[in-house]
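Enquirer: Here is what each chain is made of, one letter per residue.
Number of protein chains: 2
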Amino acid sequence: MTTAARLMHLGAFLMETGHHVAAWRHPDVQADAGTDFRAYAALASMAERACFDAIFVADSVAANVDDSATRAARSDRLDPLTLLPALAAVTARIGLIATATTTYNEPYHLARKFASLDHISGGRAGWNLVTSDNAAEARNFGRTEHVGHAERYARAREFHRVVTGLWDSWADDSFVRDKASGAYYDAATLRVLNHDGPHFSVAGPLNVPRPVQGWPVVVQAGASDAGRDLAAQTADVVFTAHARLDSAQAFYRDMKARAVAAGRAPGDLKIMPGLSVVVARTDDEARERFDALQALVDPVAGVAMLARMLGNFDLSGYPLDGPLPELPLTDSGQRSRQALLTALAGDERLTIRELVLRIAAGRGHVTVVGSATTVADLMQTWFESDAADGFNVMPAELPAGLDAFCSLVVPELQRRGLFRTAYTGRTLREHLGLQRPVRA
Amino acid sequence: MTTAARLMHLGAFLMETGHHVAAWRHPDVQADAGTDFRAYAALASMAERACFDAIFVADSVAANVDDSATRAARSDRLDPLTLLPALAAVTARIGLIATATTTYNEPYHLARKFASLDHISGGRAGWNLVTSDNAAEARNFGRTEHVGHAERYARAREFHRVVTGLWDSWADDSFVRDKASGAYYDAATLRVLNHDGPHFSVAGPLNVPRPVQGWPVVVQAGASDAGRDLAAQTADVVFTAHARLDSAQAFYRDMKARAVAAGRAPGDLKIMPGLSVVVARTDDEARERFDALQALVDPVAGVAMLARMLGNFDLSGYPLDGPLPELPLTDSGQRSRQALLTALAGDERLTIRELVLRIAAGRGHVTVVGSATTVADLMQTWFESDAADGFNVMPAELPAGLDAFCSLVVPELQRRGLFRTAYTGRTLREHLGLQRPVRA
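As given, the protein sequences belong to chains F and W, one line each in that order. When the letters of the first sequence are read in order and numbered with UniProt numbering, they come out as residues 1 to 440. When the letters of the second sequence are read in order and numbered with UniProt numbering, they come out as residues 1 to 440.
In case anyone wonders, no lab produced these hints; they're calculated from the structure. A hint or two may mislead.
Because identical chains cannot be distinguished in the list, a pair is counted as satisfied if it fits within a single copy or across any two copies.
What the hints assert, rightly or not - Below, computed lysine to aspartate or glutamate pairings styled on DMTMM-like, alpha-carbon distance capped at 25 Å:
id	residue 1	residue 2
1	Lys-179	Glu-285
2	Lys-256	Asp-196
3	Lys-256	Glu-326
4	Lys-179	Glu-354
5	Lys-179	Asp-377
6	Lys-256	Asp-403
7	Lys-256	Glu-430
8	Lys-179	Asp-331
9	Lys-179	Glu-288
10	Lys-256	Asp-377
11	Lys-256	Asp-283
12	Lys-256	Asp-229
13	Lys-256	Glu-412
14	Lys-179	Asp-403
15	Lys-179	Asp-67
16	Lys-256	Asp-386
17	Lys-256	Asp-173
18	Lys-256	Asp-67
19	Lys-256	Glu-288
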C-alpha cells in the first residue's frame, strides 16, 4: 500500500443486541447485552483489534413504551456519555462517538463532558450532534410536544457555536502550572465566551483545559435541507442512510458541494453511510443466518418500528399483506426516512409485511447479506464511486455479527488495500485524516 | 473482631492535586494530575486496596477565574460523571460518589446517568446531591444571579423525588426478555411517573433498568436548617465540616434526631465529617511535611479562598496581619462555613494570615497532623463519642498523602478493630451497611 492510497473509514455502530429488530431473540445473542458493560467492553475491544476508526452509540432520552414496545428490545439502554468513558478506560486507540441531543441539554454540560471524555481517552472523543423530534422525549423535559423542525435546528446551530466556543476557552498552553512562581494559568490567554443569544446565555470559561483534539470530532446525521447545511458548515463526519448507490452518490455530491460552498475542502467532511450487514463464509451461509433472524420478527414489533420510521403514523388498522397506505408528509425528524421508505415500497410494490422484513435489519440503510467478497465488493463500489468515504457498520446481531465482520470482511478490505492494517494515529481526528482545529 | 463490631466508614475525597491550597506547588506533586485520568486511576486503586468504602469527587459547573485564580489550582478539573464511569472500569469493589447539582441539571438526565453508572459498576454508584450557590455557575446557565436559598432547596427536594421515582420506573424483574414468546418486558410492572410539579414536569419512564442498588446511594452536605431536613428525610450519608469535636457531636445528635423524626432508624443515615490529614511515621515528620506545604501558600490565593468560603466578601482591602473584619451574614450556600470560620477566628483571635494558614489544608474541616497513632486516636475518639460514623478523608497532597494514609493509618485502624480488613459486600450500600430500597 502506498502512502497515497485513500483508505476507507469504519465505524462500529453498536446497538444493544444488534441492529436487527429480532436480534435479541436469536439463540446466540445475550438478550440483556444492551445494559451489560462487559458485553460492550468485549465489542469495543473486538473493533479495536480490527482497527476500526471508532465505535458509535445512538441515543434517545425516552423509553419507548407504546403497546408494541413490550415485544421489542428498544426500551432499555445505557447513557452513552456514561458508557463511553468506561469504554475509554479499557481501550487505547479506537474513537468513541456518543450521541447527545441539543434539544434537551445545556451546552455547558455537553462541552464539559466531551472535553472530559477527550482528556480521559487521550483524544478519542466524538459527538454525534442530534436534535430530538418526538413527544416522548419532550415529555421528560417539561414540554408537552416536541420542538418544531426550524426551531430545533436554530437551537442546534447556536448550541454548536457555544460548545466550540467553550472548548476554545483556554489556549493549548494556558495552564503553565509554574511551581516556582506560583502562576497556575496564564490569564492573558484565557478567553471568556460571554455568549448571549436567542437560546442560550453562557458566560464561560469552561472549567476543563482545551481538549486533546482541540475540538472533539463532530458527527451529524441530518438529511433535511437545514440539517445538510448545518453539517456542511460544522460537522467533521456525516452519518447517512441510503438504500441504493445512486441515492448515496447524490447525497455525497450534494454534501461535498455544500462543504465547498461553506469555504471548506471536500476532504474536511467525511461521508459515512450506514451499512447493515450479515456476513458468513459463503453467500448461502450468510443467507441462512439472515433468514433465521427474519423468521424471528414479531409482526407487532416490526410494524411498530416501521410506523415510527414513517413519522409515528398508526399502521395497526391496515392489513399486513396489503400495500403501504398513502401517508401525509411527517413533521417529525423522520421526513427523509419516510421518503426513503415510501419510495422503496412504491418502486418494488411491497406489502407492509414485506417492507417490515426489508427494514428489519437495517431500518432503511443498505443491507448486504453474503460472503466477505460480496460485502467487500459492495463497499469498494460505493467507496470508489463517490458514494462514501467509509461506513458506519451495523451488525445485525451482536457479538457474532461484529465478530464475523472483523474476521472476514476486514481482512478482505485490507487485502484490497482499502483499509488500514494498524493504527497510525493516536486520536480520532488522526484516524479520520482530519485537521486539529486551530484556536482562532 | 466480632461480627457485632461497629466499623468505621471511609471515603477518599479526591481533590485534584490534594486538598491543601498549595499542594500543586509541592515538589512531589504532579501539577496537572487534576485532569489526568491515569493519576485518578492510581488513586482509586490505592483506596480500593485499602478497602475504602468509596471515593468522593466534588464539582462546580464554573471555572474560578477571578484575579486571584491564576495563582490557585482550582480552575480546571474533569467532569465527575465522566470521570467516575472510567474509574468504574478499572476498579472492582470501591464505591464511586460523584457530586452533581440539582440547580442546573434536569432530573431525567441525572437519573439516567447515575442508573447507568450503577449498572456499569455493579452497584457502586453514589450521588452527592448539591445545590449551586454562586453567580459564576448561574451565568453558565442563562441566569445573571444565583438561585436563592429557599428556592434552591425546594427545587432540590422535588428533583430528588423525580429522580427516585424514575429509578423505580421498572421492577427489578420487569425485563423478562423471553426469547420464545417474544415478550421483552412485562408491561404490568412498568410504572410511568407522570410527575407534574412546580419545577419539573417529567413523564418517564426511565430508559434504564432499575439500578443494581435499587437506588444509588444519596449523599448530602447541607448544613442549613433546610439542608439538614432534606438530608434527614432523603440522604443515606451526610458529609459535614467541623473543626471541633463538640460541634461534630451536636451535629451528629441533631441529624440522628431529625432522621428519627422523619420515621427512619438512626443507622439509616451515616454521618461522615471531613478529615483533613497529614500523616507520616512520626509526629515530627508529619509536622515537617505540613510546614513545607504551609510555606508554599500564596497569600493572594489563600485570601481569595478564605473570601469565597466566607460568602464571597472582598477581603483585599484588609491588612493580612490584622483581624478578620465583622462581616454581614452571607446569603450564599456558605452560611454555615462562614459561621464556623468566624467563630474560629474569634475564639483564637486569629489574624487574616493565621486564619488562611489554618484553613489552607482543610477549608475548616478538622485538620490532624501527626503519626498514625495521633490520627487514629482522633478518629477513634470522634467515632466512639457520637461525632462520626466514619470520615471523608481529605489528603493534603496527592498521591503521597493518600498513600501515607493507606499504609500508616488504615493498618492502625484495622489493628484497633475499627475498620474492615477486606470487603465483605459487593455494592456501596453493602459497604455502608444500608438497606436496598424496596420499590414501594
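Enquirer: All hints, please: hold or fail.
Expert: So, going through the hints one by one against the coordinates:
1. Lys-179 <-> Glu-285: Between copies only: 23 Å across, 65 Å inside.
2. Lys-256 <-> Asp-196: neither (32 Å within a copy, 46 Å between copies)
3. Lys-256 <-> Glu-326: Cα proximity of Lys-256 and Glu-326: none, with 33 Å in one copy and 66 Å across.
4. Lys-179 <-> Glu-354: Between. Shortest inter-copy distance 23 Å satisfies the 25 Å Cα cut-off; intra-copy 70 Å does not.
5. Lys-179 <-> Asp-377: neither (59 Å within a copy, 35 Å between copies)
6. Lys-256 <-> Asp-403: Result: close neither inside a copy nor across copies, 33 Å intra and 55 Å inter.
7. Lys-256 <-> Glu-430: This pair counts as within: shortest intra-copy Cα distance 20 Å, inter-copy 56 Å.
8. Lys-179 <-> Asp-331: neither (58 Å within a copy, 35 Å between copies)
9. Lys-179 <-> Glu-288: Classified as between: cross-chain Cα gap 19 Å, same-chain 66 Å, threshold 25 Å.
10. Lys-256 <-> Asp-377: Within one copy, since 24 Å is at most 25 Å while 71 Å is not.
11. Lys-256 <-> Asp-283: Close neither inside one copy (35 Å) nor across copies (70 Å); limit 25 Å.
12. Lys-256 <-> Asp-229: within (11 Å within a copy, 60 Å between copies)
13. Lys-256 <-> Glu-412: Classified as neither: same-chain Cα gap 28 Å, cross-chain 67 Å, threshold 25 Å.
14. Lys-179 <-> Asp-403: For Lys-179 and Asp-403, the Cα distance is within 25 Å only across copies (22 Å; inside one copy 50 Å).
15. Lys-179 <-> Asp-67: between (63 Å within a copy, 18 Å between copies)
16. Lys-256 <-> Asp-386: within (10 Å within a copy, 70 Å between copies)
17. Lys-256 <-> Asp-173: neither (34 Å within a copy, 50 Å between copies)
18. Lys-256 <-> Asp-67: Answer is neither: 42 Å inside a copy and 46 Å across each miss the 25 Å cutoff.
19. Lys-256 <-> Glu-288: neither (39 Å within a copy, 65 Å between copies)
Against the hints set out earlier in the document, violations occur for numbers 2, 3, 5, 6, 8, 11, 13, 17, 18, 19.
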